[in-house]
Amino acid sequence: MSIIESILPLWFYQAYIVALVVISVLGFAYDALAKKKLKFFLQERRVRAPKRSAKAAQKLSRVFKTVALNLATSAELSKCGASRRASHLLMLWGFVIAAISILLKYFAFSGLQPLAIQISLNLGGLMILTGALWFLFLRVDYAAEKSFKFTQADIFVLLLLVNSALGFVLEAVSYTGVYLLVASILALYLVSLSMLFVTIPWSKFTHVLYKGAYAISRELDELEGVEGLLPTPARTKSYGVPEEVAE
Amino acid sequence: MPTFVYTSLCDGCGKCVEICPSDIMHIDPVMRRAYNIEPEYCWECYSCVKACPQHAIDIRGYADFAPLGHALTVLREPEKGVISWKVVYRNGETKTFRFPIRTTKFGSIKPPKELPEPRPEELSSELLSHEPEYLKIPFLPKLEVKKA
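First to last, the protein sequences are chains W and D.
For what it's worth, our numbering labels the leading residue of the first sequence as 71, then goes sequentially.
For what it's worth, our numbering labels the leading residue of the second sequence as 1121, then goes sequentially.
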């Protein structure tokens, strides 16, 4: 058992993780209901006019396809440049890897840390750290503006950055065995992690859910022949006068 | 009709901010999505509508003279050399217009800086830069004046 696990009992860490999950659910619910985002989303879905009906299996297949090929690879961001997409993917998958590792550590291994969990936790943290640092330079045109203007929209990425950095500091100081130092860094780490979830209604954390919901909604619309906002793609495959115009 | 942004489509990349000649496309400090800060100052050039890689920018009239319900969206397909505009009228009727952007591949026309520098004697010639070879003709035709 490492010094971190000796500072606070196992049940505390388990209860803390459960509390974070509850806070997340409440945060997302508050954001969706109080800001009327869910109401607007459902209102949009109600007025759509599908031209054909799709079977449940077809819909499920399309949802899985969207999650696997679009959401899991941030395919939407491919139009915004490779670096923006890569930094998003690092943060997304780093967060997923770190979250699964922490869940396994405290609920499957009773706070013990097998080598595989230690490696995956570090890998996840490193991915978040790299992605968040990279994104700080991408969120504004830093090369042109040479200025870090932090706004409310940066709460999420900054907390991810601070939290993953503190995770590495905590791991480093835990090897020193100095109780007070480890306890202080652990307190800071827990505060930053709590802030990440408590600020959900005011940070960009929620866009993870909304972007996914809208991507799935658009795919289902296409499946059911709902006319989209955009013109249909041109049939021509080569340069020159579009076929429809030439006809 | 000024522009507005579908925030569910916008990724906050800032392409519209860069291209807007009126400097009214800004990034919202709360959710980092683009928005038109002052529709009354919109030049209606639709540069942002065409530049948006996510097609998240649409246009609409002011509510006092154009009831909502209409839409004008654009799909750029540079790989096909085509731009398409879709007009949704207030009665639900839709029309799609397609235009060729160009007839040659992107990158196939060399910018002037990649062309060889003109020779000094060419500066006093009546021919324009790299004529006649870039017109793909052996020589410029001359009008022959017939004597009466």
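Just so you know, these hints were derived from the structure itself, not from any lab.
It is possible that part of the hints are untrue.
Listed next, with one range per pair, are the computed distances between beta-carbon atoms [stated by the list, open to error]:
1. D/V1150 - W/L203: 28 to 34 Å
2. D/V1150 - W/V92: 23 to 29 Å
3. D/H1146 - W/S254: 37 to 43 Å
4. W/F220 - D/L1243: 20 to 26 Å
5. W/W272 - D/Y1209: 51 to 57 Å
6. W/K109 - D/H1146: 24 to 30 Å
7. D/E1158 - W/T302: 30 to 36 Å
8. W/I93 - D/K1233: 31 to 37 Å
Capping the alpha-carbon separation at 30 Å, the derived lysine-lysine pairs in BS3-like fashion look like this [what the hints assert, rightly or not]:
9. W/K109 - W/K135
10. W/K125 - W/K135
11. W/K219 - D/K1206
12. D/K1206 - W/K129
13. W/K107 - D/K1170
14. W/K135 - D/K1230
15. W/K149 - D/K1215
16. D/K1262 - W/K281
17. D/K1233 - W/K149
18. W/K107 - D/K1206
19. W/K281 - W/K106
20. D/K1200 - W/K121
21. W/K149 - W/K107
22. W/K107 - W/K121
23. W/K281 - W/K219
24. D/K1256 - W/K281
25. W/K274 - W/K121
26. D/K1170 - W/K149
27. W/K149 - D/K1256
28. W/K125 - W/K107
29. W/K281 - D/K1170
30. D/K1206 - D/K1233
31. D/K1256 - D/K1200
Short, incomplete list of chain W residues facing chain D, as computed with Cβ under 8 Å [said to hold, decoys possible]:
32. A127
33. K129
34. S131
35. V133
36. R154
37. T200
38. W204
39. R209
40. F238
Positions of the beta carbon are idealized from the N, C-alpha and C atoms, including for glycine.
Next on the checklist: With the threshold set at 30 Å, check whether the alpha-carbon distance from D/K1170 to W/K149 stays at or below it.
Outcome noted: The given pair, whose Cα atoms are some 13 Å apart, holds under the 30 Å limit.
Next on the checklist: Just to be sure I understand the hint, the distance between the Cβ atoms of D/V1150 and W/V92 should be within 23 to 29 Å; is that true here?
Outcome noted: holds (25 Å)
Item to check | Distance restraint between D/K1200 and W/K121, which requires alpha-carbon spacing of 30 Å or less | outcome: holds (28 Å)
Checklist entry - Is it true that the CA of W/K107 sits at most 30 Å from the CA of D/K1206? => result Cα-Cα ~27 Å, so holds.
Checklist entry - Regarding the hint that W/F238 lies at the interface with chain D, is the smallest CB-CB distance below 8 Å? => result violated (27 Å)
Checklist entry - Once the shortest beta carbon distance from W/R209 to chain D is found, is it less than 8 Å? => result W/R209 check passes; min Cβ-Cβ to chain D is 7 Å, inside 8 Å.
Item to check | Satisfaction of hint between W/K135 and W/K109, Cα-Cα up to 30 Å | outcome: Given pair W/K109, W/K135 holds - Cα atoms ~26 Å apart, limit 30 Å.
Checklist entry - Can the restraint linking W/K274 and W/K121 be considered satisfied, given a maximum Cα separation of 30 Å? => result violated (35 Å)
Next on the checklist: Against the 30 Å threshold, does the CA-CA distance of D/K1233 and W/K149 hold or violate the hint?
Outcome noted: With a Cα-Cα distance of about 28 Å, the restraint between D/K1233 and W/K149 holds, given a limit of 30 Å.
Next on the checklist: For the restraint on W/A127, tell me whether the closest CB of chain D is nearer than 8 Å.
Outcome noted: violated (27 Å)
Checklist entry - Does the interface hint hold: is W/V133 within less than 8 Å of chain D, judged Cβ to Cβ? => result At 17 Å from the nearest chain D Cβ, W/V133 fails the 8 Å test, so the hint is violated.
Next on the checklist: Just to be careful, I want the Cα atoms of W/K149 and D/K1256 compared with a cutoff of 30 Å; is the pair within it?
Outcome noted: violated (36 Å)
The structure shown violates the earlier hints numbered 1, 4, 5, 8, 11, 14, 16, 24, 25, 27, 30, 32, 33, 34, 35, 37, 38 and 40.
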